[in-house]
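I would like the entire structure built from these sequences, with the hints used as guidance.
Chains as they are written, first to last, in numbering that gives the first Met the number 0: chain A, 0 to 218; chain B, 0 to 218; chain C, 0 to 218.
Honestly, I wouldn't trust all of these hints.
Same chains, same label: a pair holds when it works inside one copy or across any pair of copies.
[Claimed, not checked] No farther apart than 27 Å at their CA atoms in a straight line, the calculated lysine-lysine pairs in the DSSO-like style are these: (1) K123 with K92; (2) K108 with K92; (3) K123 with K108.
By construction, these hints were calculated from the structure, which means they are not laboratory data.
Residue-level listing of the chains:
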Amino acid sequence: MAHIHRVKILVLSDAASRGEREDRTGPGLRQLLEGEGWHVVACEILPDVGAGISRRLEAWTDADGCEVIFTAGGTGVGPRDVTPEATRAVCEKEVPGLAEVMRSEGLKKTRLAALSRGTVGVRKGKLIVNLPGSVRGARESVMAILALLRSRLGNLDRVRRVIKTLGMVNCTADFQQQPSVINGFSELFADVFGKDHGVGARSAVGMGSLPGNIATEVE
Amino acid sequence: MAHIHRVKILVLSDAASRGEREDRTGPGLRQLLEGEGWHVVACEILPDVGAGISRRLEAWTDADGCEVIFTAGGTGVGPRDVTPEATRAVCEKEVPGLAEVMRSEGLKKTRLAALSRGTVGVRKGKLIVNLPGSVRGARESVMAILALLRSRLGNLDRVRRVIKTLGMVNCTADFQQQPSVINGFSELFADVFGKDHGVGARSAVGMGSLPGNIATEVE
Amino acid sequence: MAHIHRVKILVLSDAASRGEREDRTGPGLRQLLEGEGWHVVACEILPDVGAGISRRLEAWTDADGCEVIFTAGGTGVGPRDVTPEATRAVCEKEVPGLAEVMRSEGLKKTRLAALSRGTVGVRKGKLIVNLPGSVRGARESVMAILALLRSRLGNLDRVRRVIKTLGMVNCTADFQQQPSVINGFSELFADVFGKDHGVGARSAVGMGSLPGNIATEVE
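Have a look at this one:
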């Protein structure tokens with residue numbers, strides 16, 4: 000059974016934060032993500048104030064309560080649209096490719112997608128994804144990367160589970176001592192990372208044959 | 000009748016600024032934009048010097064004489080190509096999606112489009128768009144985003160006009176007091192922003208139902 | 000005969016740098032590039048440490064031993080993936096379009112390409128290209144931009160050779176004095192830059208009619 004990933008949603012909207020308008024984007028995202036088997040552990044609304052957004056993202060990534068944070072809103076070109084800057088300010092690294100995919104998929108529906116300035120970044124091992132503020136835009140952006148997030152996070156979970164099951168802390172060393180587990184790993188790796196990675200020969204089965212970024216996250 | 004948008008063109012070229020070469024890109028852009036119904040209120044040539052470019056962009060965005068600035072030239076990878084850096088230095092926010100669209104459209108014509116480093120940003124509510132320096136490259140890049148700029152700016156103008164007509168300064172409050180204007184807004188919003196935004200129910204018609212970035216720019 | 004371009008390869012991998020794992024990406028890249036007629040003058044392995052990566056890139060670009068540097072590895076989202084940041088720290092300018100092309104081509108093979116954070120930049124006239132660490136990912140990324148690099152670098156070489164042959168240092172001046180060489184240049188430029196650039200009329204044949212970035216590199 001697949002691990003249920005924990006997600007937090009942060010809606011940015013001056014009007015909704017003051018209660019002047021009902022937020023439909025947060026509930027819409029929750030419904031979509033829960034339908035995909037994710038666990039939405041928080042959904043909050045904040046006004047479009049950069050410092051406040053950054054502080055919340057820091058608090059959520061300092062804690063260990065989720066793997067992914069979706070923000071919604073504040074990605075446009077108006078003076079109060081500061082979510083990308085507030086996200087960038089706290090992230091250790093950016094993942095431009097995910098933002099590019101969301102925009103290029105969005106462009107198939109509406110030219111306005113080119114104006115979405117959302118970024119994607121990583122802080123303390125958690126992924127922060129900026130979505131547009133509209134229900135439709137937010138849902139379409141999530142759909143554009145959901146398969147990738149699902150397969151990737153699912154894979155990490157599977158690798159983690161296998162490692163824990165085998166009691167492997169130092170994988171490279173363990174592989175040398177436990178050749179009997181190699182076949183299982185080979186198959187797992189082949190499934191997870193494709194035929195080119197870590198399959199076929201014994202020398203290719205150690206943790207070192209994982210793409211570097213996966214290997215370092217696994218440990 | 001559509002509002003005629005005001006545009007300024009800044010050509011960056013050492014040779015043209017010294018009069019050693021005739022600039023064909025500025026006139027080419029002017030012809031294209033005027034053919035689209037835009038009003039080109041300035042077209043100047045500067046050498047490829049970062050500080051000078053930044054100062055001119057600041058002066059043009061400090062004033063209220065245009066909605067859009069197109070630069071042409073200085074987007075390549077040579078040592079004198081400094082327009083993207085000079086633009087980034089003065090912009091409050093970047094709009095990477097517009098630059099991505101210009102490059103991806105350009106790639107359909109020539110692989111060299113991948114080397115164009117042009118950025119798009121916003122300062123004081125004005126859009127600054129970096130175009131390549133060649134006549135062909137500049138025209139193709141403008142064409143790639145013209146429909147988007149036209150529809151978006153046209154929409155903002157329409158919203159502004161309706162608001163001014165109705166004498167609405169605080170739109171949320173006004174909506175509560177003037178239910179009779181709701182239908183007109185619903186239709187406008189539906190036309191401008193699509194079916195998902197602000198149409199159908201009364202609660203969805205207030206200014207709050209505009210995508211945040213539009214709403215904040217409107218008032 | 001085409002000039003053979005000089006390339007340096009920098010593989011980033013903690014495990015390979017300690018000798019715990021055989022590096023297959025460096026040799027794979029060397030084979031691919033040499034098959035294309037490039038000259039691989041160095042291939043080194045470093046651990047995933049930002050400062051060390053930056054120092055090596057500075058040393059290689061300070062020297063005049065290559066036109067292009069390919070890095071491989073450290074582009075993912077893990078805590079030890081620091082190659083894009085280490086590259087950005089030393090580059091004078093970024094070339095986002097090349098990174099976008101590598102990712103969009105990669106996406107046709109695997110969704111995981113969206114997670115590659117590789118950047119492309121320029122320092123002291125040398126191009127630095129971040130590739131993923133896997134053999135397959137690195138090769139596919141190189142293939143995505145190889146034609147562009149080949150045509151562009153090839154073109155620059157041809158222009159340089161013509162200029163040297165003619166003894167032209169100040170091209171604009173020389174053109175005015177040597178109308179007899181104009182035809183050759185016209186053809187070269189037409190071939191290199193396409194029909195719109197510098198072809199047909201005498202006034203369009205001077206160096207000024209080259210796209211700015213090419214002209215400045217040619218000097």
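Structure-based check of each hint:
no. : hint           : in the structure
1   : K123 with K92  : both (10 Å within a copy, 25 Å between copies)
2   : K108 with K92  : between (29 Å within a copy, 24 Å between copies)
3   : K123 with K108 : neither (34 Å within a copy, 29 Å between copies)
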